[in-house]
Structures are given as structure tokens and as C-alpha cells.
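> Residues in the sequence shown are numbered consecutively from 635, following our numbering.
Since the hints were made in silico from the structure, they are not lab data.
Possibly wrong hints are sitting among the right ones.
[To be verified] Derived DSBU-like pairs (lysine-lysine); straight-line CA-CA distance at most 30 Å: (1) 706 with 670; (2) 637 with 679; (3) 653 with 744; (4) 709 with 653; (5) 744 with 709; (6) 744 with 706; (7) 679 with 709; (8) 706 with 637; (9) 653 with 679; (10) 653 with 691; (11) 691 with 709; (12) 691 with 679; (13) 744 with 637; (14) 637 with 670; (15) 637 with 709; (16) 706 with 653; (17) 679 with 706; (18) 744 with 679; (19) 670 with 709; (20) 691 with 706; (21) 744 with 670; (22) 670 with 653; (23) 653 with 637.
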Amino acid sequence: MSKRIVCEGATLACSLGTKISELQIPDFHGVLSQGKNQANINDYKPNYNILSFCSCKRSIPPVPCVPSVVMKWLKGQQDCVLDCELALLEDCIVPCTFGGIIRIENCGQKE
Numbered sequence: 635m636s637k638r639i640v641c642e643g644a645t646l647a648c649s650l651g652t653k654i655s656e657l658q659i660p661d662f663h664g665v666l667s668q669g670k671n672q673a674n675i676n677d678y679k680p681n682y683n684i685l686s687f688c689s690c691k692r693s694i695p696p697v698p699c700v701p702s703v704v705m706k707w708l709k710g711q712q713d714c715v716l717d718c719e720l721a722l723l724e725d726c727i728v729p730c731t732f733g734g735i736i737r738i739e740n741c742g743q744k745e
């Protein structure tokens with residue numbers, strides 16, 4: 635089964651977060667899917683693309699989540715380029731410097 639490309643509004647989860655978040659894609663990469671911007675691996679910027687997951691469980695009690703991501707998403711689609719970057723797929727992950735792993739819960743596309 636082929637993996638789907640992620641688009642704006644996809645839901646994200648962090649292994650240390652207490653709530654899910656929604657991927658923001660304010661920059662148009664030249665392709666829409668179901669009327670939504672498609673994402674590429676460069677859509678990783680904290681508080682721009684990746685918003686807070688409410689609280690971070692790295693300490694007890696949990697502290698407010700402030701995502702700290704310093705690298706592009708891993709495992710982009712090798713044969714699909716959007717705006718000079720690999721397309722973001724539903725199985726991509728990106729680490730947070732606080733120890734969490736951010737993954738895509740739902741790619742944002744209807745079945």
C-alpha cells in the first residue's frame with residue numbers, strides 16, 4: 635500500500651506530548667490536495683508548522699510543551715519533490731530536542 639502525502643491540517647502526536655496538534659502549512663509549495671496545501675520535509679519549524687502538544691511529560695509534573703525541532707522530517711518521498719524538498723509522507727517522523735518523537739497521526743486527506 636502506498637503512503638499518502640501529508641497536507642495542511644494533518645494531526646500530529648509527540649511521544650512526550652499530552653495532546654495532539656495540527657500541522658500548519660502557511661507556505662504554498664505549488665500543489666494542493668483536496669484544496670489543502672501539501673507538505674514537504676521542510677515544514678518542521680516549531681510554532682510555525684508544529685504547534686504545542688499542550689504539556690511535555692519529560693519531567694514530573696509535566697511542563698508546558700514548547701516544541702524544539704532543529705531538523706527536517708525524516709523519510710520523505712524520494713520521487714516526489716514539492717518546492718525543492720521531498721514530499722512529507724504519513725510515516726515521516728521528526729525528533730524534538732527534549733526527547734520526544736513527533737509523528738503523523740492522520741495525513742489530513744480524506745480516504
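> With reference to the structure, classify each hint as holding or not holding.
Hint check results:
no.: 1; hint: 706 with 670; in the structure: holds, 21 Å
no.: 2; hint: 637 with 679; in the structure: holds, 23 Å
no.: 3; hint: 653 with 744; in the structure: holds, 22 Å
no.: 4; hint: 709 with 653; in the structure: holds, 24 Å
no.: 5; hint: 744 with 709; in the structure: holds, 22 Å
no.: 6; hint: 744 with 706; in the structure: holds, 25 Å
no.: 7; hint: 679 with 709; in the structure: holds, 17 Å
no.: 8; hint: 706 with 637; in the structure: holds, 18 Å
no.: 9; hint: 653 with 679; in the structure: holds, 18 Å
no.: 10; hint: 653 with 691; in the structure: holds, 11 Å
no.: 11; hint: 691 with 709; in the structure: holds, 26 Å
no.: 12; hint: 691 with 679; in the structure: holds, 21 Å
no.: 13; hint: 744 with 637; in the structure: holds, 13 Å
no.: 14; hint: 637 with 670; in the structure: holds, 17 Å
no.: 15; hint: 637 with 709; in the structure: holds, 11 Å
no.: 16; hint: 706 with 653; in the structure: holds, 22 Å
no.: 17; hint: 679 with 706; in the structure: holds, 8 Å
no.: 18; hint: 744 with 679; in the structure: holds, 25 Å
no.: 19; hint: 670 with 709; in the structure: holds, 21 Å
no.: 20; hint: 691 with 706; in the structure: holds, 23 Å
no.: 21; hint: 744 with 670; in the structure: holds, 11 Å
no.: 22; hint: 670 with 653; in the structure: holds, 23 Å
no.: 23; hint: 653 with 637; in the structure: holds, 24 Å
Checked against the numbered hints given earlier, the structure satisfies every one of them.
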